[in-house]
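Asker: Mapping of the sequence shown onto the numbering used here: residues 1 to 610, in sequence order.
The reader is advised that the hints may include incorrect statements.
Listed below are the simulated EDC-like cross-link pairs for lysine to aspartate or glutamate, each with C-alpha atoms no more than 20 Å apart in a straight line [unchecked claim]:
1. Lys340 x Glu263
2. Lys485 x Glu127
3. Lys485 x Glu46
4. Lys89 x Glu127
5. Lys244 x Glu280
6. Lys340 x Asp304
7. Lys244 x Asp584
8. Lys340 x Asp378
9. Lys485 x Asp177
10. Lys485 x Asp457
11. Lys244 x Asp304
12. Lys244 x Glu263
13. Lys373 x Glu344
Derived Cβ-Cβ restraints for the label pairs, each shown as a range [stated by the list, open to error]:
14. Arg506 x Ala171: 22 to 30 Å
15. Leu49 x Ser504: 19 to 27 Å
16. Leu104 x Gln265: 47 to 55 Å
17. Phe52 x Glu228: 50 to 58 Å
18. Ser546 x Leu49: 58 to 66 Å
19. Arg303 x Ala17: 53 to 61 Å
20. Arg93 x Asp309: 51 to 59 Å
21. Leu543 x Arg25: 36 to 44 Å
22. Ile433 x Met272: 47 to 55 Å
23. Val166 x Gly339: 39 to 47 Å
24. Gly498 x Gln371: 23 to 31 Å
25. Glu344 x Glu47: 21 to 29 Å
These are calculated hints, taken from the structure and not from any lab test.
For every residue, glycine included, the Cβ atom is placed at its ideal position computed from N, Cα and C.
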Amino acid sequence: MSVDTLWVFALLAICVACFIANRPRMDMVALVALVALVLGGTLSVEEALAGFSEPSVILIAAFFVIGEGLVRTGVAYRTGEWLVRHAGKSEMRLLVLLMVSVALLGSVMSSTAVVAIFIPVVLSMAERIGSTSGRLMMPLAFAGLMSGMLTLVGTPPNLVVNSELVRAGHAGFGFFDFTPMGLIVLVLGVGYMLVARRWLADSQAPQPQHGRRRRRLRELAQDYELLERARRVMVAQGSPMIGKTLGELALRSRYGANVIAIERQRPLGRVMLTTSANREIAANDILLVDFTHGLDELEHFLRDMRLQDRWFRNNYLTDLSPEIGLAEVTVPPGSTLIGKSILELRMRSQRGLNVMGLRRGGASLRDKLLQEKLRLGDTLLIAGSWKSIRLLHTQAHDFLVLSLPAELDAVAPAADRAPLALLALAVTVGLMISGAVPNVIAALIGCLLMGAFGCIDADSAYRSLHWQSLILIVGMMPFAIALQKTGGIDGVVQALLGLTGQGSPRVVMAALFVLTATVGLFISNTATAVLMAPIGLGLATQLGLSPYPFAMTVALAASAAFMTPVSSPVNTLVLGPGQYHFMDFVRIGVPFALLVLVACVLVLPWLFPL
1 MSVDTLWVFA
11 LLAICVACFI
21 ANRPRMDMVA
31 LVALVALVLG
41 GTLSVEEALA
51 GFSEPSVILI
61 AAFFVIGEGL
71 VRTGVAYRTG
81 EWLVRHAGKS
91 EMRLLVLLMV
101 SVALLGSVMS
111 STAVVAIFIP
121 VVLSMAERIG
131 STSGRLMMPL
141 AFAGLMSGML
151 TLVGTPPNLV
161 VNSELVRAGH
171 AGFGFFDFTP
181 MGLIVLVLGV
191 GYMLVARRWL
201 ADSQAPQPQH
211 GRRRRRLREL
221 AQDYELLERA
231 RRVMVAQGSP
241 MIGKTLGELA
251 LRSRYGANVI
261 AIERQRPLGR
271 VMLTTSANRE
281 IAANDILLVD
291 FTHGLDELEH
301 FLRDMRLQDR
311 WFRNNYLTDL
321 SPEIGLAEVT
331 VPPGSTLIGK
341 SILELRMRSQ
351 RGLNVMGLRR
361 GGASLRDKLL
371 QEKLRLGDTL
381 LIAGSWKSIR
391 LLHTQAHDFL
401 VLSLPAELDA
411 VAPAADRAPL
421 ALLALAVTVG
431 LMISGAVPNV
441 IAALIGCLLM
451 GAFGCIDADS
461 AYRSLHWQSL
471 ILIVGMMPFA
481 IALQKTGGID
491 GVVQALLGLT
501 GQGSPRVVMA
511 ALFVLTATVG
521 LFISNTATAV
531 LMAPIGLGLA
541 TQLGLSPYPF
551 AMTVALAASA
561 AFMTPVSSPV
571 NTLVLGPGQY
581 HFMDFVRIGV
591 PFALLVLVAC
601 VLVLPWLFPL
């Protein structure tokens, strides 16, 4: 093995170690590696930057935008409502419809986004049929992973593998070339989960049944013990608050007083104002205040600020519901909020929202709430204007909305555009199937149609781009070139052939699947596909066989991240809501991954003759 090969493998090992430790961020690691390959003389600048002109990267970005258009028009939410109508009270029927719906939606949009959307639907459905969330959350996650196996654009690894095929001089996969194998895996997955659900969360007590309705504002407040903490006070003449902003007053840190809304007299009557750090207080304003630590500081607050206690007309939730709402959100993997205190979140100044409560492990935390550091899976109760609450759906990298109250009638900001969003999607898929234009152009046409139809605006489109994933792909692609230039790919191929001996091509495919799935336990499925696709094609070349079954083996194995809760963001999302432990994924996911392995080895050579 040459010095150049050892250098590339050493750099790759460092990258994998950083990925496992999640320090620093994966996209930053990939960019550092890209620079190191150039400075080390392994690659030219043009070779290192080739990923920035890679059509598959643009294609992935375009489908982030198209997927966001489907979210903003409520297509996924309406699918959830359809589930509610047709599942009845049968857990078996719900599981089948859920997995099929999620898989089909995820085949044309981000599986992580689809699973995030369906988590509150599943929580509500489990409550309605008297089941436990744990019996449905893992099927939801598995369906999200299987959705990537159904179409060419179902998941980035498919596009990465397809790009490697084209780069090697072969014709790429068609839009539906993945579908036959993906449908087989989906059928196996549904059948498997119908049996395996009995082993999930057996220790959970059935959740109380409240019918079809969503919880109301008052019920959310009861869960977080808010009803006895709120006071309505008037700013009297001579108050030191007059003329100052909420940011300047720092009432939360001084008194634990969280101003949720402000009633102000206007010529035509009183209006309800939302709060922000730069909201200035005026004389005779009436403040709705939530005391996060209880009412211990109430008397000091009223005296120091010269405030007069006022009564509620009904209760503060009823008084506020036309303008102010609540939402329950959780902290997902990769959120920038993890490790920050509620005070450090600056929710009011940056998002116009207030954190009202925090639940961890099923218990509501009250002591030193504002100083509590957030952890993965924590659940927050957020208060703010309905508009601001709707915008939480556009910040899925930081928040995952678990439940919205019944008072919110329309979550999707462009719900009336749903038919046009489906039309844009149909045009995109039709163009890709027909081959009338290159796939990347078809996807860009779909983005432009989403914008032209009003399904998405420019700001939302740019926010929908998962830059970390895109930069990770761009940064890892040079490794494939470097390994090929230095002979590293040939070395791995020969090692795999040596391990399998004189075994049949199916044995080699099985070894390739196992190696890819194992690598995928430690790094993202996209990075796994970038590294393993050249190895799969190299095996096919050495054996003198068709590259297609080997390429698809890599793609499917990269998506077979069923075995641990951290092997995919989809699994991590359901970890908290499903009340799972690490070993739940091991004992349910490993057998199913082996089942997928057997199916791939048996069926792929038949679909794509060797």
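Asker: All hints are to be evaluated individually against the structure, with a verdict given for each.
Answerer: Hints versus structure:
no., hint, verdict
1, Lys340 x Glu263, "31 Å, violated"
2, Lys485 x Glu127, "57 Å, violated"
3, Lys485 x Glu46, "14 Å, holds"
4, Lys89 x Glu127, "10 Å, holds"
5, Lys244 x Glu280, "5 Å, holds"
6, Lys340 x Asp304, "30 Å, violated"
7, Lys244 x Asp584, "53 Å, violated"
8, Lys340 x Asp378, "12 Å, holds"
9, Lys485 x Asp177, "30 Å, violated"
10, Lys485 x Asp457, "44 Å, violated"
11, Lys244 x Asp304, "15 Å, holds"
12, Lys244 x Glu263, "16 Å, holds"
13, Lys373 x Glu344, "9 Å, holds"
14, Arg506 x Ala171: 22 to 30 Å, "24 Å, holds"
15, Leu49 x Ser504: 19 to 27 Å, "41 Å, violated"
16, Leu104 x Gln265: 47 to 55 Å, "53 Å, holds"
17, Phe52 x Glu228: 50 to 58 Å, "57 Å, holds"
18, Ser546 x Leu49: 58 to 66 Å, "32 Å, violated"
19, Arg303 x Ala17: 53 to 61 Å, "58 Å, holds"
20, Arg93 x Asp309: 51 to 59 Å, "54 Å, holds"
21, Leu543 x Arg25: 36 to 44 Å, "38 Å, holds"
22, Ile433 x Met272: 47 to 55 Å, "51 Å, holds"
23, Val166 x Gly339: 39 to 47 Å, "42 Å, holds"
24, Gly498 x Gln371: 23 to 31 Å, "58 Å, violated"
25, Glu344 x Glu47: 21 to 29 Å, "42 Å, violated"
In summary, the structure is inconsistent with hints 1, 2, 6, 7, 9, 10, 15, 18, 24 and 25 from the numbered list given earlier, while agreeing with the others.
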